[in-house]
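K.L.:
Residue-level listing of the chains:
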Amino acid sequence: MAKVLIVDDAAFMRMMLKNILMKGGHEVIGEAENGLDAIEKYKNLQPEVVTMDITMPVMEGIEAVRHIKEFDPNAKILMCSAMGQQLMIIQAIEAGAIDFIVKPFQEERVLESVRKVLSN
Amino acid sequence: METLEAVTDIILETLLTSVRQVIPVPAAAQIPEVFQNSVAQSDIGVLVGFTGDLYGRIVIQGPSEVFGKIGETMFGMPLEGEMLHSFVGELANMVAGNTSTLMSSKGQTIDITPPTVMVGHLQLYGIEQGISVTVHLENAGEINIILLTQH
Numbered sequence: 001m002a003k004v005l006i007v008d009d010a011a012f013m014r015m016m017l018k019n020i021l022m023k024g025g026h027e028v029i030g031e032a033e034n035g036l037d038a039i040e041k042y043k044n045l046q047p048e049v050v051t052m053d054i055t056m057p058v059m060e061g062i063e064a065v066r067h068i069k070e071f072d073p074n075a076k077i078l079m080c081s082a083m084g085q086q087l088m089i090i091q092a093i094e095a096g097a098i099d100f101i102v103k104p105f106q107e108e109r110v111l112e113s114v115r116k117v118l119s120n
Numbered sequence: 001m002e003t004l005e006a007v008t009d010i011i012l013e014t015l016l017t018s019v020r021q022v023i024p025v026p027a028a029a030q031i032p033e034v035f036q037n038s039v040a041q042s043d044i045g046v047l048v049g050f051t052g053d054l055y056g057r058i059v060i061q062g063p064s065e066v067f068g069k070i071g072e073t074m075f076g077m078p079l080e081g082e083m084l085h086s087f088v089g090e091l092a093n094m095v096a097g098n099t100s101t102l103m104s105s106k107g108q109t110i111d112i113t114p115p116t117v118m119v120g121h122l123q124l125y126g127i128e129q130g131i132s133v134t135v136h137l138e139n140a141g142e143i144n145i146i147l148l149t150q151h
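In the order they appear, the protein sequences are chains V and S. Per the UniProt record's numbering: the first sequence = residues 1 to 120. Per the UniProt record's numbering: the second sequence = residues 1 to 151.
These are calculated hints, taken from the structure and not from any lab test. Glycine included, C-beta positions come from ideal geometry on N, C-alpha and C. Mixed in with the good hints, there may be bad ones.
As a list, the in silico DSS-like pairs of lysine-lysine whose alpha-carbon atoms are at most 25 Å apart [claimed, not checked]:
1) S:Lys69 x V:Lys18
2) V:Lys23 x S:Lys106
3) V:Lys23 x V:Lys116
4) V:Lys43 x V:Lys116
5) V:Lys116 x V:Lys3
6) V:Lys43 x V:Lys69
Listed next, with one range per pair, are the computed distances between beta-carbon atoms [claimed, not checked]:
7) V:Leu118 x S:Asn37: 50 to 56 Å
8) S:His136 x V:Glu27: 15 to 21 Å
9) V:Gln106 x S:Gly120: 42 to 48 Å
10) V:Gln106 x S:Asp9: 28 to 34 Å
11) V:Glu40 x S:Ile31: 48 to 54 Å
12) S:Glu82 x V:Arg109: 22 to 28 Å
13) S:Gln30 x V:Met59: 24 to 30 Å
My request is simple: use the sequences and hints to build the entire structure.
P.N.:
Here you go:
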């Protein structure tokens with residue numbers, strides 16, 4: 001079971017992810033609305049796993065992954081985005097993300113990805 | 001080189017494919033209508049811009065009840081108020097993101113902007129030309145998919 005930080009600009013998506021993660025026995029210790037907010041909350045909360053959206057205002061998700069990995073090279077981040085093209089996935093993985101979920105997602109896919117990220 | 005009309009047709013076709021892929025109910029699209037000047041909205045709409053190889057905007061609009069039924073179908077819970085508005089934004093994000101993904105397989109690299117949700121009666125101006133398609137979603141109702149392309 002992991003302490004998770006959810007990063008998504010949509011309150012609806014944060015609620016959905018929170019419900020899924022809690023049903024899976026995880027603890028959601030924080031939520032962030034954009035990449036900049038995510039970096040601050042990562043430093044303050046030190047979550048074990050981060051779910052990261054890509055298209056967000058202020059700072060997009062892949063840039064936030066780079067900053068978080070600079071701060072903590074061991075950060076475990078899974079991308080959760082509507083943008084599923086190969087180039088985007090490659091950029092996210094190169095930035096340091098461990099897994100990539102394309103929205104809309106199934107509950108089990110999210111929990112499976114968290115397990116994968118935790119075992120990495 | 002493809003004409004703007006040909007590219008617009010490809011995006012529109014891809015957009016409708018995305019609507020069918022993202023919203024898990026049978027969907028029937030009516031004949032697209034070309035319009036000029038402005039877009040009118042009476043309840044809820046959402047606008048997403050796309051950039052990269054192609055520039056333009058996508059608007060998805062419809063009645064609150066229809067979006068509420070779509071949300072319930074997709075995520076199993078009734079939605080209202082702020083959470084419904086947030087869902088409408090996320091729905092457009094998923095449709096536009098899926099469109100971007102499908103377009104990349106056709107050799108076009110496009111990125112999308114965060115969605116802007118618009119609530120209530122309003123009119124969008126500054127539109128040279130657009131294409132509107134009404135899509136009937138089984139057991140939910142009708143939404144309008146609008147494509148605004150730019151040179």
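K.L.:
Look at each hint and say if it fits the structure.
P.N.:
Hints, verified against the model:
Restraint check for Lys69 of chain S and Lys18 of chain V: satisfied, since their Cα atoms lie roughly 22 Å apart, inside the 25 Å limit. Between Lys23 of chain V and Lys106 of chain S the CA atoms are separated by roughly 39 Å; this puts the pair beyond 25 Å, and the hint is violated. Taking the CA atoms of Lys23 of chain V and Lys116 of chain V, the gap is near 17 Å; set against the 25 Å cutoff, the hint holds. Taking the CA atoms of Lys43 of chain V and Lys116 of chain V, the gap is near 23 Å; set against the 25 Å cutoff, the hint holds.
At most 25 Å may separate the alpha-carbon atoms for a hinted pair to count; Lys116 of chain V and Lys3 of chain V meet this at roughly 15 Å. Between Lys43 of chain V and Lys69 of chain V the CA atoms are separated by roughly 11 Å; this keeps the pair inside 25 Å, and the hint holds. One distance hint, 50 to 56 Å for the beta-carbon pair Leu118 of chain V and Asn37 of chain S, holds here, with the actual separation near 54 Å. The hinted window of 15 to 21 Å between His136 of chain S and Glu27 of chain V is violated, with their beta carbons roughly 43 Å apart.
For Gln106 of chain V and Gly120 of chain S, the hinted distance range of 42 to 48 Å is not satisfied, since their beta carbons lie about 34 Å from each other. One distance hint, 28 to 34 Å for the beta-carbon pair Gln106 of chain V and Asp9 of chain S, holds here, with the actual separation near 32 Å. Taking 48 to 54 Å as the suggested C-beta distance range, the pair Glu40 of chain V and Ile31 of chain S conforms, at roughly 50 Å. With their beta carbons about 27 Å apart, Glu82 of chain S and Arg109 of chain V fall inside the hinted range of 22 to 28 Å.
Between Gln30 of chain S and Met59 of chain V the beta carbon distance is about 40 Å. The supplied range of 24 to 30 Å is therefore violated.
Checked against the numbered hints given earlier, the structure breaks hints 2, 8, 9 and 13 and satisfies all the rest.
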